[in-house]
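A.B. asks: Residue strings, one per chain:
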Amino acid sequence: MADIVTILINGTVISSLYALVAIGFTMIFGVGGTINLAHGGIITVGAFSAYYVTNAGLGIWAGVLAAMAVPALFSVLLYKGFAERRDDIIIVMILTLLASIVVEEVVRIVEGSQPKAIPALVSGTTELLGSSVQNNLLVVFVVSWLLIGGLFAFVNYSKTGKAILATSMSPRGAALVGIESDRINLYTWAIAGLLAGIAGLFLGSYQTANWAMGREPLILSFSIVVLGGLGSIRGSLVAAYVIGFLEVITTSAIDPRLSGLAGLVVLVVVLLVRPEGLFGRELAEA
Amino acid sequence: MADEPLSAEPAETDTDRSLVGSMLAPRYLLGVLGVVAFAAVPFVGISTTQLLVLIGALYFGMFAMSWDVVSGYTGEISFGHALFFAVGGYTSTLLNLELGLSPSLSIPVGVALAALAGVLIGVPALRIRGPYLSLITLVAPLILLQVFIIYGDVFGGELGLSSPAALVTADEFDLVVTANYYIALGLFLAILLLLFAVTRSNIGSVLTAIREDEDAVAAAGLNVAKFKVFAFVLSAAIGGLAGAMFVHTPVGSPRPSQLLALIVSIEVLIAATLGGMGTIVGAGLGGVFFYFVNDLLNQQEFTIPFVNVGLNEASLLLFALLTMVLIYVLPQGVFPSAIRAGRRLLGRARGNPVATDGGHESGGATSPIEQAADRYRRALEEFEERIGDDEK
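Read top to bottom, the protein sequences are chains A and B. Position 221, counted from 1, in the first sequence is what this note's numbering calls 221; the numbers after and before it change by one each time, with no gaps. Position 328, counted from 1, in the second sequence is what this note's numbering calls 614; the numbers after and before it change by one each time, with no gaps.
Here chain A stands alone, though its shape is the one from the complex (with noise of 0.2 Å):
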């Protein structure tokens, strides 16, 4: 029993973390039609600018708004650099892989391969359903459904969000109405850089932080946006849930050497069944 409640909290908390990531990298395909695979260095980024923040005696709180602020710098810096001028996205897919591994070359060097531990957001433990449950983990769970529902919230009432939904939806008619395509994608790359960041954060308090951390989130985040259909917020959300759960549970009741193959298992099946996805692309022109 205690196992099924174990199963169920960290599947719950894990599926939080992969929405976070694969909601910002389903994001960008939808509104640049790009496909970022510095996603999982973002991650990464946010990890570890939480982690020197913090050290610098500053605070976990203080961390967490560095896990968010360099993050979507980065990502700002990424889309200008990389991905503003260029609509060809197998230029956009190889500079940001490239991108990708400078980040990880700059923190293996930096700081080893050693796994750096960033502090818990709160201590203690709560019980629930007959099973303690570290704080630490409702804490990421509950911020997690915070920022997603400030997501919904941003992108279906504010007038910038609508922007961001209208050019995912039709760029030509977003730009005929006076939208600048430009700045949305700035906007969205922002985000899912700041979404990224703090997930990296919180993969680093609930595991550990490591140069190579960003690549299995990477990973499961195109399983999850594959799954819930390329372009789909809706449907990522959804698939992080699926694949989060997949994950949990043939790591912990299977064989934990499983881990990661649950996704990837996911992902090729549905590009050769279904490759639109759950969800198709809930917004695309028709």
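Keep in mind the hints are simulated off the structure, nothing from the lab. Keep in mind it's a predicted model, so treat the numbers as computed, not measured. Be aware that a few hints might be false.
[Unchecked claim] Derived CB-CB ranges, DEER-like:
id: 1; chain 1: A; residue 1: T125; chain 2: B; residue 2: G596; range: 39 to 49 Å
id: 2; chain 1: A; residue 1: A56; chain 2: B; residue 2: A476; range: 51 to 61 Å
id: 3; chain 1: A; residue 1: Q207; chain 2: B; residue 2: G596; range: 25 to 35 Å
id: 4; chain 1: B; residue 1: R664; chain 2: A; residue 2: S132; range: 51 to 61 Å
[Stated by the list, open to error] Not close to chain A: a few residues of chain B, all C-beta gaps over 10 Å, as computed:
id: 5; residue: L315
id: 6; residue: G320
id: 7; residue: S388
id: 8; residue: A635
[Said to hold, decoys possible] Just a sample of chain A residues kept apart from chain B, beta carbon distances all over 12 Å, derived:
id: 9; residue: N10
id: 10; residue: G57
id: 11; residue: K116
id: 12; residue: T125
id: 13; residue: L128
id: 14; residue: V133
id: 15; residue: F154
id: 16; residue: G178
id: 17; residue: Y206
id: 18; residue: Q207
id: 19; residue: T208
id: 20; residue: V238
id: 21; residue: S252
Note that beta-carbon positions come from the ideal geometry of N, C-alpha and C, so glycine has one too.
Following the hints, position chain B against chain A.
C.D. replies: Structure of chain B alone, referenced to chain A:
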């Protein structure tokens, strides 16, 4: 480079045809000089260690050429080519270690299995295109690596297997290394000639045409599927051959870090992009250069001033940065640009005005990278249309 392919016209997309005739001689003369130089390497006082590195570099060059057949020619960018390299290498190792098969038998089986893997990746390539196919190629070797880790007792997991039988045995190690070097060089040249013959033939023109406009090729009555699968199988078989031979040399060993890790797939992409995509020679030389220089950097004791980081630590970082810069400065890669620059210089020396303006290389979607990008854009548009249809 020997005689046969010399008569074929080079299939560079924007070659000024009127110049081809007069320019054949110098560039192929350089090729012959290059081969002679490579053949002379063991006699110019190079250390055994460096010769060993060169052996590895030649196999990596073959691997880079195999990447170029698919990615440079048909424009389906593969992010996971290490899959084929690993299938060849691991198959040959396992057959040799477990069943005692001699390399002369285990290597061909490795090639056959790698070709089969090429079919497995090539057939989905007929249904899904562009970025989606790249995702599949990126993920396939990761799955294989997971399988290797799960069945660690058979595949050796992250640490890999012990080395299989050597290709050449002799009492003197120097002799073994020299023999291995010439085997590698011979194979490198054979693969270069084969791929030259294929890519400079009608097949090559069709593959290039597929990169430029797949639908037009189909409209012309050609079976695009057949050509695509052919390119994947040819590429996989050659990658598998390089991998299978490599593990039997003193430098290569059946380990994920040498054959399968994500980084191997990325290194081959870097190497081929540096040398020049869609040219075979450029990719091959890019591979040799990358492996050799990378190893050279890894051996350095030198510390980069100010940041206080050893050069040996930073080699991959430097290559990643170099490739980024190169994509902006010379999107076609070093090799084709060098040829073009040479042609311009020669043209000027001969007072041939055509050469100077005929040398303008980057206008329009002419470089393989740009053509691949074009294809990706079209695949995406098509994909969106399909989904749009579904929703109606």
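A.B. asks: For every hint, state whether the structure bears it out.
C.D. replies: Quick rundown of the hints versus the structure:
Restraint check, T125 (chain A) to G596 (chain B): a C-beta distance of roughly 44 Å satisfies the suggested window 39 to 49 Å. One distance hint, 51 to 61 Å for the beta-carbon pair A56 (chain A) and A476 (chain B), holds here, with the actual separation near 59 Å. Between Q207 (chain A) and G596 (chain B) the CB atoms are about 29 Å apart, so this pair conforms to the stated range of 25 to 35 Å. Range check, R664 (chain B) to S132 (chain A): about 55 Å between beta-carbon atoms, so the 51 to 61 Å window is met.
Even its closest Cβ contact with chain A, about 34 Å, leaves L315 (chain B) beyond 10 Å, as expected for a residue assigned away from the interface. Separation of G320 (chain B) from chain A is adequate, the least Cβ-Cβ distance of about 28 Å exceeding the 10 Å criterion. No Cβ of chain A approaches the Cβ of S388 (chain B) within 10 Å, the least distance being about 34 Å, so the stated non-interface status holds. Residue placement check: A635 (chain B) keeps its beta carbon more than 10 Å from all beta carbons of chain A (closest about 35 Å).
The Cβ of N10 (chain A) lies farther than 12 Å from every Cβ of chain B, with a closest approach of about 20 Å, so its non-interface assignment holds. Taking the minimum C-beta to C-beta distance to chain B, about 24 Å, the non-interface status of G57 (chain A) holds against the 12 Å cut. The non-interface label for K116 (chain A) is consistent with chain B: the shortest C-beta to C-beta separation is roughly 18 Å, beyond 12 Å. The Cβ of T125 (chain A) lies farther than 12 Å from every Cβ of chain B, with a closest approach of about 33 Å, so its non-interface assignment holds.
Listed as outside the interface, L128 (chain A) is consistent with that label: its C-beta sits roughly 32 Å from the nearest C-beta of chain B, beyond the 12 Å cut-off. Residue-level check passed: V133 (chain A) sits 29 Å from the nearest beta carbon of chain B, beyond 12 Å. Annotated as non-interface, F154 (chain A) keeps its C-beta farther than 12 Å from every C-beta of chain B; the closest such distance is 25 Å. For G178 (chain A), the shortest C-beta to C-beta distance to chain B comes to about 23 Å, beyond the 12 Å cut-off, and the non-interface label holds.
For Y206 (chain A), the requirement that its beta carbon stay farther than 12 Å from each beta carbon of chain B is met, with the minimum near 22 Å. Against chain B, the non-interface label of Q207 (chain A) holds: every CB pair exceeds 12 Å, the least being about 18 Å. At roughly 19 Å, the least C-beta separation between T208 (chain A) and chain B is larger than 12 Å, which holds for a residue marked as non-interface. With a least CB separation of 17 Å from chain B, V238 (chain A) remains clear of the 12 Å interface cut-off, as annotated.
Listed as a non-interface residue, S252 (chain A) keeps its Cβ farther than 12 Å from every Cβ of chain B; the least gap is roughly 16 Å.
Comparing the model with each numbered hint stated earlier shows that all of them hold.
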